[in-house]
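Student: These are the residues of each chain, in order.
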Amino acid sequence: MGRIMALLLLCAALLGAREWSLRIGGMHCIACTLAVKKALLGVPGVRAARVNFKNESALVTADESVTLGAMQNAVAQTGYTITAVISK
Amino acid sequence: MTRRTFITHTAAATTLCLTPSFAAEQKKGPETLALYELRWSFDLSHHGGDVSLWIPLPSRISGFQEILKTGWRTDAAESYESEANRYSARTFYAHWGKSAPSKTLELSLTVALRDRQCNWRPQRICPETIEESKAFLAPSAHLPTDGAVARISALIVGAEKEPLKKARRIYDWIVDNSYRDESVMGCGTGSPNAMLAELEKNGHMGGKCLDMSALCVALMRASGIPSREVMGIRVGESRLSAAFGAGETITKAQHCKVEFFTPQLGWIPCDPADITKLVLKEGIEKSSPRARALAEKFFGFWENNWMALNHARDFDLFPANAQGMLDSFGYPYAEVEEEYLDPFDPASYRYAFRSAKGIL
Chain X
1 MGRIMALLLL CAALLGAREW SLRIGGMHCI ACTLAVKKAL LGVPGVRAAR VNFKNESALV
61 TADESVTLGA MQNAVAQTGY TITAVISK
Chain U
1 MTRRTFITHT AAATTLCLTP SFAAEQKKGP ETLALYELRW SFDLSHHGGD VSLWIPLPSR
61 ISGFQEILKT GWRTDAAESY ESEANRYSAR TFYAHWGKSA PSKTLELSLT VALRDRQCNW
121 RPQRICPETI EESKAFLAPS AHLPTDGAVA RISALIVGAE KEPLKKARRI YDWIVDNSYR
181 DESVMGCGTG SPNAMLAELE KNGHMGGKCL DMSALCVALM RASGIPSREV MGIRVGESRL
241 SAAFGAGETI TKAQHCKVEF FTPQLGWIPC DPADITKLVL KEGIEKSSPR ARALAEKFFG
301 FWENNWMALN HARDFDLFPA NAQGMLDSFG YPYAEVEEEY LDPFDPASYR YAFRSAKGIL
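So the sequences go chain by chain: X and U. Heads up: the first sequence begins at 1 in our numbering, then just goes up one per residue. Heads up: the second sequence begins at 1 in our numbering, then just goes up one per residue.
Using 27 Å as the maximum straight-line C-alpha spacing, the simulated DSSO-like pairs for lysine-lysine come out as follows:
#1 X/Lys38 to U/Lys252
#2 U/Lys297 to U/Lys277
#3 U/Lys357 to U/Lys69
#4 U/Lys286 to U/Lys165
#5 X/Lys38 to U/Lys98
#6 X/Lys54 to X/Lys88
#7 U/Lys98 to X/Lys54
#8 U/Lys297 to U/Lys281
#9 U/Lys161 to U/Lys297
Restraint ranges, calculated between C-beta atoms of paired labels, are given here:
#10 X/Asp63 to U/Ser287: 53 to 63 Å
#11 U/Leu137 to X/Ser65: 51 to 61 Å
#12 U/Pro30 to X/Lys54: 45 to 55 Å
#13 U/Ser287 to X/Ser87: 50 to 60 Å
#14 U/Arg60 to X/Ser65: 51 to 61 Å
Only some residues are given here: those of chain U computed to face chain X with a beta carbon under 8 Å:
#15 Thr189
#16 Ser191
#17 Gln323
#18 Gly324
#19 Leu326
#20 Asp327
#21 Glu339
#22 Tyr340
#23 Asp342
Derived by calculation from the structure, the hints in this document are not laboratory data. Don't be surprised by glycine CBs; every beta carbon is placed ideally from N, CA and C.
Use the sequences and the hints to build the structure in full.
Tutor: Now the structure itself:
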């Protein structure tokens with residue numbers, strides 16, 4: 001996981017992207033990660049998203065132009081919430 | 001058929017006929033026995049990265065389900081069978097490293113199945129079995145027994161004290177108030193509270209087998225009846241209705257039933273969800289004689305074209321996965337670079353289950 005995060009950070013730095021680590025609320029089973037991931041990838045400018053049920057978190061790589069609000073709206077439309085930004 | 005196969009299959013049929021472990025549930029006749037050869041194929045080569053795969057396997061159920069053969073061929077770096085989880089759910093695990101050029105697995109199973117029909121005659125149930133059944137009264141993450149579940153359970157059961165009659169009231173209530181919703185993915189999410197919230201809002205509840213079975217189990221547990229979902233898969237045609245059967249391709253034939261326990265009869269099967277499927281597929285009314293007759297039959301019965309996998313719910317896999325607790329285990333579960341692989345899309349996942357009826 002650490003290597004993947006490092007790789008994503010490196011990619012983000014090289015390509016002018018930003019990495020968000022988000023806390024996700026409302027997931028009640030592992031299959032929910034699919035819906036959250038799909039919602040995040042549907043936001044224009046989001047390049048990659050990894051969602052983890054156990055940690056209730058998402059790691060998102062996105063263009064600099066992508067806002068937290070856009071991701072919050074997209075996730076909320078599927079019945080879940082972004083409850084906190086862990087880091088960006 | 002080779003001589004050895006014939007002997008093995010004949011021995012299995014004999015075992016299923018004679019094993020008396022569920023003495024309250026005997027049913028005989030050639031049509032009640034069936035043999036199936038199953039072949040489950042996975043080709044995960046196109047998934048780049050580290051891949052881990054957990055597959056639910058059928059377990060022996062004394063008198064009703066005998067596993068005659070389990071075999072596999074794989075190029076996985078690691079692969080083994082295990083029952084090291086809270087429910088002793090039989091599991092096949094395989095792991096491929098990131099650089100593996102090919103990631104394939106072929107599982108083959110031979111199972112003998114028998115109809116399970118409760119005859120409703122009290123029998124002696126050993127104290128250990130009664131004690132073990134109490135574990136299936138407890139709530140779990142997806143099976144609450146308080147709040148709306150407790151309130152509705154009390155309304156359904158009323159003043160009834162007899163466990164069998166309480167169970168029947170709950171079963172009938174689910175059949176009466178739910179409908180099959182084909183838009184639901186897989187077997188559903190199995191959330192009793194979601195079902196009850198929909199009932200309160202719309203006056204009826206839509207879902208699939210895991211949704212209705214989970215609600216049935218939660219309501220029964222709340223009324224003091226040990227109960228559990230049984231995940232399984234349809235492996236052949238039904239003698240009763242096309243709605244209950246499957247063809248040779250059974251990749252999407254998963255189905256969940258319910259078992260409940262009484263100290264006089266032991267574990268008893270029932271299946272409210274399949275009645276809602278019958279009504280939808282045959283286009284008949286729930287009040288029709290056919291639907292009513294099958295609803296009556298499915299309280300205490302399961303047919304030999306369905307193979308039970310496990311009754312695991314809200315549990316940790318072995319070896320541990322990255323995503324955490326699994327809510328149910330009827331579909332293969334895989335992670336690619338620790339991310340969940342969608343089992344409801346077998347074409348992208350690239351797995352296929354096939355079944356062929358054997359000769360007994």
